[in-house]
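Peer 1: Below are the chains, spelled out letter by letter.
Number of protein chains: 2
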Amino acid sequence: MQITEKKVSVISGGLCAVEGVEANGIHTGFKAQDKDLALIYFPDGATVTGVFTRNKVKAHSVLYDMKMIKAYTDFKAILVNSGNANACNGLNGEEDVQSMTSAVAQKLNIDAHEVLVSSTGVIGEPMNLKPFYAGLESLVGGLNTAGSTSAAEAIMTTDTVPKELSFETEIGGETIHFGAIIKGAGMIHPNMGTMLSYIVTDAGLSQNALNTALKSAADDSFNVMTIDGDTSTNDTVLLASTNKVMLDESYLDEFTAVLTAMCQQLSQMIARDAEGATKFVTVKVVNAATKSDAVSVAKTVATSSLVKTAVYGQDANWGRVIMAIGNSDAETLNPNAITIKFASGEGEVLVCHEGLAVPFDEGRAFNILSNTDVEIFIDLNTGDYSGEVWTCDMSVDYVKINADYRS
Amino acid sequence: MQITEKKVSVISGGLCAVEGVEANGIHTGFKAQDKDLALIYFPDGATVTGVFTRNKVKAHSVLYDMKMIKAYTDFKAILVNSGNANACNGLNGEEDVQSMTSAVAQKLNIDAHEVLVSSTGVIGEPMNLKPFYAGLESLVGGLNTAGSTSAAEAIMTTDTVPKELSFETEIGGETIHFGAIIKGAGMIHPNMGTMLSYIVTDAGLSQNALNTALKSAADDSFNVMTIDGDTSTNDTVLLASTNKVMLDESYLDEFTAVLTAMCQQLSQMIARDAEGATKFVTVKVVNAATKSDAVSVAKTVATSSLVKTAVYGQDANWGRVIMAIGNSDAETLNPNAITIKFASGEGEVLVCHEGLAVPFDEGRAFNILSNTDVEIFIDLNTGDYSGEVWTCDMSVDYVKINADYRS
Numbered sequence: 005m006q007i008t009e010k011k012v013s014v015i016s017g018g019l020c021a022v023e024g025v026e027a028n029g030i031h032t033g034f035k036a037q038d039k040d041l042a043l044i045y046f047p048d049g050a051t052v053t054g055v056f057t058r059n060k061v062k063a064h065s066v067l068y069d070m071k072m073i074k075a076y077t078d079f080k081a082i083l084v085n086s087g088n089a090n091a092c093n094g095l096n097g098e099e100d101v102q103s104m105t106s107a108v109a110q111k112l113n114i115d116a117h118e119v120l121v122s123s124t125g126v127i128g129e130p131m132n133l134k135p136f137y138a139g140l141e142s143l144v145g146g147l148n149t150a151g152s153t154s155a156a157e158a159i160m161t162t163d164t165v166p167k168e169l170s171f172e173t174e175i176g177g178e179t180i181h182f183g184a185i186i187k188g189a190g191m192i193h194p195n196m197g198t199m200l201s202y203i204v205t206d207a208g209l210s211q212n213a214l215n216t217a218l219k220s221a222a223d224d225s226f227n228v229m230t231i232d233g234d235t236s237t238n239d240t241v242l243l244a245s246t247n248k249v250m251l252d253e254s255y256l257d258e259f260t261a262v263l264t265a266m267c268q269q270l271s272q273m274i275a276r277d278a279e280g281a282t283k284f285v286t287v288k289v290v291n292a293a294t295k296s297d298a299v300s301v302a303k304t305v306a307t308s309s310l311v312k313t314a315v316y317g318q319d320a321n322w323g324r325v326i327m328a329i330g331n332s333d334a335e336t337l338n339p340n341a342i343t344i345k346f347a348s349g350e351g352e353v354l355v356c357h358e359g360l361a362v363p364f365d366e367g368r369a370f371n372i373l374s375n376t377d378v379e380i381f382i383d384l385n386t387g388d389y390s391g392e393v394w395t396c397d398m399s400v401d402y403v404k405i406n407a408d409y410r411s
Numbered sequence: 005m006q007i008t009e010k011k012v013s014v015i016s017g018g019l020c021a022v023e024g025v026e027a028n029g030i031h032t033g034f035k036a037q038d039k040d041l042a043l044i045y046f047p048d049g050a051t052v053t054g055v056f057t058r059n060k061v062k063a064h065s066v067l068y069d070m071k072m073i074k075a076y077t078d079f080k081a082i083l084v085n086s087g088n089a090n091a092c093n094g095l096n097g098e099e100d101v102q103s104m105t106s107a108v109a110q111k112l113n114i115d116a117h118e119v120l121v122s123s124t125g126v127i128g129e130p131m132n133l134k135p136f137y138a139g140l141e142s143l144v145g146g147l148n149t150a151g152s153t154s155a156a157e158a159i160m161t162t163d164t165v166p167k168e169l170s171f172e173t174e175i176g177g178e179t180i181h182f183g184a185i186i187k188g189a190g191m192i193h194p195n196m197g198t199m200l201s202y203i204v205t206d207a208g209l210s211q212n213a214l215n216t217a218l219k220s221a222a223d224d225s226f227n228v229m230t231i232d233g234d235t236s237t238n239d240t241v242l243l244a245s246t247n248k249v250m251l252d253e254s255y256l257d258e259f260t261a262v263l264t265a266m267c268q269q270l271s272q273m274i275a276r277d278a279e280g281a282t283k284f285v286t287v288k289v290v291n292a293a294t295k296s297d298a299v300s301v302a303k304t305v306a307t308s309s310l311v312k313t314a315v316y317g318q319d320a321n322w323g324r325v326i327m328a329i330g331n332s333d334a335e336t337l338n339p340n341a342i343t344i345k346f347a348s349g350e351g352e353v354l355v356c357h358e359g360l361a362v363p364f365d366e367g368r369a370f371n372i373l374s375n376t377d378v379e380i381f382i383d384l385n386t387g388d389y390s391g392e393v394w395t396c397d398m399s400v401d402y403v404k405i406n407a408d409y410r411s
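So the protein lines, in turn, are chains A and B.
Per this note's numbering: the first sequence = residues 5 to 411.
Per this note's numbering: the second sequence = residues 5 to 411.
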């Protein structure tokens, strides 16, 4: 994974940093009091693509969006509610998706098939659409080109901060903008941490090209981030282009590089705000025999509860790291070639060299791991491939948050 | 998985319930003060087979035992130390295995190749054999036919109780005995919970037959138990027959059934005494399309941190269960056919019927989950196969125990 060398400026505005995007977020009644309904509106339309959860149990909104994006290329609105996942609700769940998209379309005076929808919250709880209908006037009426933050707030669950990001860059001699909101890793009322992200750009590309770029960017960002190894029924990333700046497809690689950098920053925002997390952890694997070996090792280390609790305890417990490496699906592993370091802004400490313990200063190692950003560096010494996965530590608060009764 | 219908009586004596088995356990110096060295001795020899960790990083003792069991069928002693895993110690680790087996062989006046060895404890820490040599006289001198409990104590790490089991049964008209000690799921000093189990029987069978029986029994017991999804570098199960009662191989299925029942009880002892565990959890999957689908679903549910923290919180949070089901590798899954119940000695509660929420009494569900033995029952409604996996809940203490600094 490499951060693009393209010059990118971080700008303000979130979603609305892109021309042709209005947004709003309000409280209706899916949650007790916080904002729970967001609307992203493209008055002149947008070409949209998406990547969705790989969980075999998918929420009704996910199934709907997948179908619509297959059938259509352009859309005008994305509606998102938090507080109810609308998953496992049977025919009622499907009907609720239809009712929600139709109602929004009517208010916006557009076609129902121009509306996409996402949900996050409790699974298997019937949707109560009354407060939704009651709030619709205010939701649509309040759409504006400074509404990104309110939309970011309305998609939060146990996220502790709203998350937005916007970029400006130059591609093919044109100034291109990107804006995004994201939420994830939270649960107070909901049953699991759903990741939802909405990314907009003015770079005009076909739906196919956008899809190629998004899949590639997601593989190098959202798909190499793990909080607890569980994938929700509702995960959704939508990429919308308002087509204000038409881009030749020969610039697709450049576009993908910037999109990837953006998705990487968005992913890291999620891991940093994960449930109970006290540390952001990068697991970096180098010199693997294949790319898939590198990623497999990094993911196995990043999902090991024993590794994550050790990091929480600031314990340079490399025995757990090598144990996790050995449990990975990597096909080429030589235990006697593995080298492990722990690193952070405080420095780095070599703890295992070619499969053997290296005497190290425990006080210094503890100090390195006391940083809030730590890296577990693994050299497999079996080839030329590398991979990186982002995660967080596992704290006492993680268990407390998730053992909390739903209601 | 079915418990054998064979009549089995639980008897006392542990390992030494079997004729031809002596044992002892003492403190030497691998641990600060507790017993840390066990010896199981077969004066007339025993046919031994084993199953070992699938972790690609294997301890020196594991590699040694695998090699010896391939080369020889009969052994006279099994030496086990706790407090140091002798893993990732390079050539020194290999030499220490040789030194330990040679020293024990000399004291017992047997050949070095008649000794097997296991270790459990910290990874990558050089072995200090001085206290071991100093204790050897007392270890061997104290061998006796009532020494099973002291051996069970000497292989403990954070286990809170020593674990022994012995059975008597009749096979082919002969009275057959089984004895075992087991440890696991503990860590104070060590880096991970290693599972070690030693099972003895007087039923005389070839090493091949014993191996067939042990593999089958392990698949239906140790391999369907999960504490935290991590597999140690040292896991070892040895099965030894003192051949006091020769058994025709036509009785192998009967023998396997009793051995399986024994291994199932041993596994459950581990899950009940797991780190920080407050509950023993059975995940039972029925009506799967294939055996592998059933086991995959049960394992994915049993290893989900979100499911395990919900059980700890006594929350009938079936949304997390269906999320985990959807994340399994099962090939045939129909989300609209899945039925989920929670059950315990307090009764059972249906929470999801054919993919849809069922209204239920939350107070009653909480009461059912307040039991220390709970079952998550999953009906996939796609076939005729079933599978069961045992685990425990994930508590605040699990994180506290594992975040504790090694030293």
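Rather than coming from a laboratory, the hints here were simulated on the basis of the structure.
Warning: the hint list may mix true and false statements.
Covered stretches of chain A (chain B as the covering partner; in silico rule of three or more C-beta atoms under 8 angstroms from a C-beta of chain B) [said to hold, decoys possible]:
id: 1; segment: 72–78
id: 2; segment: 166–174
id: 3; segment: 350–361
id: 4; segment: 398–407
The C-beta atom is built at its ideal place from N, Cα and C for all residues, glycine as well.
Peer 1: Each hint should be assessed against the structure and marked as holding or not.
Peer 2: Consistency of the hints with the structure:
1. Requiring three or more residues with a Cβ within less than 8 angstroms of a Cβ of chain B, the coverage given for the segment 72–78 of chain A is violated, as only 0 such residues are present.
2. With 0 residues having a Cβ less than 8 angstroms from any Cβ of chain B, the segment 166–174 of chain A misses the three-residue criterion, and the hint is violated.
3. Coverage of a stretch by a chain is defined here by at least three residues with a beta carbon nearer than 8 angstroms to that chain's beta carbons; for the segment 350–361 of chain A and chain B the count is 4, and the condition holds.
4. Beta-carbon proximity to chain B at under 8 angstroms applies to 8 residues in the segment 398–407 of chain A; the threshold of 3 is reached and the given coverage holds.
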